[in-house]
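Q: Quick mapping for you: the protein sequence lines, in order, are chains Z and H.
Going by the numbering used here, the first sequence opens with residue 1, and the numbers climb by one from there.
Going by the numbering used here, the second sequence opens with residue 1001, and the numbers climb by one from there.
Hints listed in this document are in silico derivations from the structure and should not be mistaken for laboratory results.
Treat the hints loosely; a few may be bogus.
[As the list claims (entries may be wrong)] One side of the interface only, derived from the structure: several residues of chain H facing chain Z at Cβ under 8 Å:
(1) T1025
(2) A1166
(3) K1176
(4) E1303
(5) L1311
(6) G1343
(7) G1371
(8) M1400
Since the model is a prediction, treat every value here as computed from it, not as a measurement.
All residues carry an ideal CB built from backbone N, CA and C; glycine is no exception.
Listed below are the residues making up each chain.
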Amino acid sequence: MNLDERFLRALRDIVGESGLVGDAADRLTYECDALTHLRAMPGVVVLPASVQQVQEVVRLCHSAGVPFVARGHGTGLSGGALPVEDGVLVVLTRLDRILDIDAPNRRMTVQPGVTNLEVSRRAAPFGLYYAPDPSSQQICSIGGNVAENSGGAHCLKYGFTVHHVLGLDVVMPDGALVKLGGPVPDRPGFDLVGALVGSEGTLGVVTEVVLRLLRLPEDVRTLLAAFSSTDAAGAAVSGIIAAGIVPAAVEMMDRLTIKAAEAAVHPNFPQAEAVLIVELDGPRAEVGALFRRVESVCREAGASEVRVAADADERARFWAGRKAAFAAMGRVSPDYYVQDGVIPRTKLSEVLRRIRALAERSGLRIGNVFHAGDGNLHPLICYDGAVEGQAELAAAVGGEILQYCVEAGGSITGEHGVGADKAAHMAKMFSEVDLETMHRLRCAFDPSGLCNPQKIFPTPRLCGEVPRPYRAHPVVRAGLAERF
Amino acid sequence: MAAVNELAAVAARVAGEGAVRVGATAVCGVVPGIVVAPKSVAALSETLRWAHGRRLAVVPTGAGTKLEWGGVPPRIDLLLSLGRLDAVVAHRHGDLTATVQAGASLGRVNELLRRHGQWLPLDPAHGERATIGGIVATNDAGPRRHRHGAPRELILGVTFVRADGAIASAGGIVVKNVAGYDLSRLLTGSFGALGVVVDATFKLSPLPPTSRTVVAAGLDPGTIDGATSAVMASQLAPSALEVQGPPFSLLARFETVQEASERQAEEVAALWRGCGAADTGVLTGAAETERWTAHHDAVWGREDDICRIGLLPDQLPGLLEEFVGLLQRHEIEGQLAGRVETGALHARIGTDAAASRAIIDRLRARVEPRGGHVALLRGSPALRAQIEPWGAMGDATGVMDAVKRQFDPQGILSAGRWPEAEARA
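Only chain Z is shown next, with the shape it has when bound in the complex (with noise of 0.2 Å):
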């Protein structure tokens, strides 16, 4: 640890023995998030138990120029909390409460240690829940959810998290705090929750979220539908886009996720090439009418098998199996690595031909779930890490994959951020200009760039004075070419 003892002690006041780890042992915990082939120790690890802590601790470290990184519950899959060598790393776990529940209003306010299940929980006898639901909903934060704009099953029809997002209390990076949007919509002034979230930590620490609940459906109804192909199955998908269905959610698994969660979990599912399931939500007469399309569009698109859920508890074992997907691979591989590639759904067939063969080339096994409606694409990279170059191998095979995905019109990521594992890759996506003008928006927040640094950007950046005026391209100057 580099931190000087006066620092440290410094810290020491500010959260208690109890709110801070220096033991280089009890610090290892907090090396990696769950991208746990990134690691870096952190100089001190501490755990405010009040908003006034996270803005003392944050003005601490402003005033002596050290970096530092905020985390929740570390379930994230891009290195986004990964600590800075030797900087503080705040830990928000403790500020889990929940603050306040509006019913008539459809409103809830809590701390960002909150774990997203925990909301739809303390909503539910209210007849709300909270939509956005990412896989590790039971134990990721909404800290961490805001941090990274995370998804879930479900955005195809409900968005993701900053449709639900109304406002957030900021720690910003030189420790004041302030008040973005509110409860209410429209706040004047520029839409600053919008920007915040998704912005991977790097703009300031939230300490508090007034989030947006919804009315639980009237009607569920989910099918697992059978393919001979992830094409058979693609086409399905486009035959329900096509007749004007919306799904709650449209997930594919392949061959080898399928083997996997069928190890982990036991959802029963058939064994095919492809499996689709295919969730409907609403009132009941109109999701009665859109579920008979949507079962013979599958069953036109080739399906071999078309089950329905009967009842909530067949529902949750569809779900589960899907759920289970990524940590069901360590059943199959001693090690894998998760991609969070977007491509324009209709690009599907396309995109999986290319991984497919990158498969063979490699010599890697390449499992796939996708959240089909939405064309999130989160290939399954195995590998034995105890073989020498087999790490590596798998994060070439990752950025070429994410090249298939920037070709096809889409993005390096749809719902796990850029973090550490992406900085690289972001210029496979933005042009310099692209790049610079969001720094623009970092350096607004986060002049001495101490909040999260070393993420989301190709290159390390500082801020500068006034930005030179842009200068702009010959070609584009003459009029012979224009960005698009």
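Since the structure of chain Z is provided, determine the placement of chain H on it from the hints.
A: Same frame as chain Z, now just chain H:
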């Protein structure tokens, strides 16, 4: 005039012949120097780079339906028209997305999307004529916000020209994407103060197969409270839930497959009658369309002062009561319309500056203590001279000013329109 002509001559060399004219109509009493309508993004970029170098005050505009909203620009050297950038760049119907240039009108965009049974489900003020750029700049939304959200909920990516002329993009063309900062949302609702949006990509929806609207008329605020609570506590899924008046009506729209729109309309009608709304009926077809046009025009059909109100849904009945009282006291025939569950309303409050000011002050006093706000969108010069248009700004103004300085260090874009530091001082 000589200065303007000189400016026009130089602008024509930068933006291209035929792109520049002088003699535009005044905006809130401010006469723009020149109007430039670049024919390409490259020409727009060059125009802004030039304007930036000369520190000209630039205000972007589309159809001009909302050009008078917000604060009054102290001067406009260059009115930047997006009118010639009006293409629907791509409709990816299989992916339910479309990329549209800023100058395209929502009416024309939806006419094109309709060919594949889809649409951009926005129904803002002056919805047919309003352009994509203006809708994004103001984040303006109408009744269907209840189901589909405001533009900030539907936007997936933008290309914009910065104050210094650089062309930047953020987001993308896919519906799910968290790569990089979300500048699309930052720009949405920024009143053109951070950059000039040249195209935007949106998530689309399938066109609903049928529609039914339940209308309950002649309601008092107490009945409205019961009737709206009943719908919000139910599992019905309207696409719009609106209040309008006085005299107050409630409207609930159901846009889905026929059996579901019929059944839900019947259920709501029964619920509302049970709450004491005797005059309740179900509309469909031409009568339904006509009723929604009347709903829009109630607020937007006249050149009155108009404000935007944000409040918590449970504050609505009290606000309605106060609104009626204020109209009576000042003898004004105003109208209010808005989203019951979202808590987003628009109120037309006449043209008498003193009365408008009194009304806005009262409404602010009512909603601001719980985080609500009342912003003056459109107002006479006399009213604007005596009222701050945006109202309570909270404590984030320092960050907002820092963002503005980063994106527009010279302060050339839409100066005065958005709630900036000088205007608040």
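Q: A separate judgement is required for each hint: does it hold in the structure or not?
A: Comparing the hints with the structure gives:
no., hint, result
1, T1025, "26 Å, violated"
2, A1166, "3 Å, holds"
3, K1176, "4 Å, holds"
4, E1303, "23 Å, violated"
5, L1311, "6 Å, holds"
6, G1343, "6 Å, holds"
7, G1371, "4 Å, holds"
8, M1400, "5 Å, holds"
In this structure, the hints that do not hold are numbers 1, 4, in rising order.
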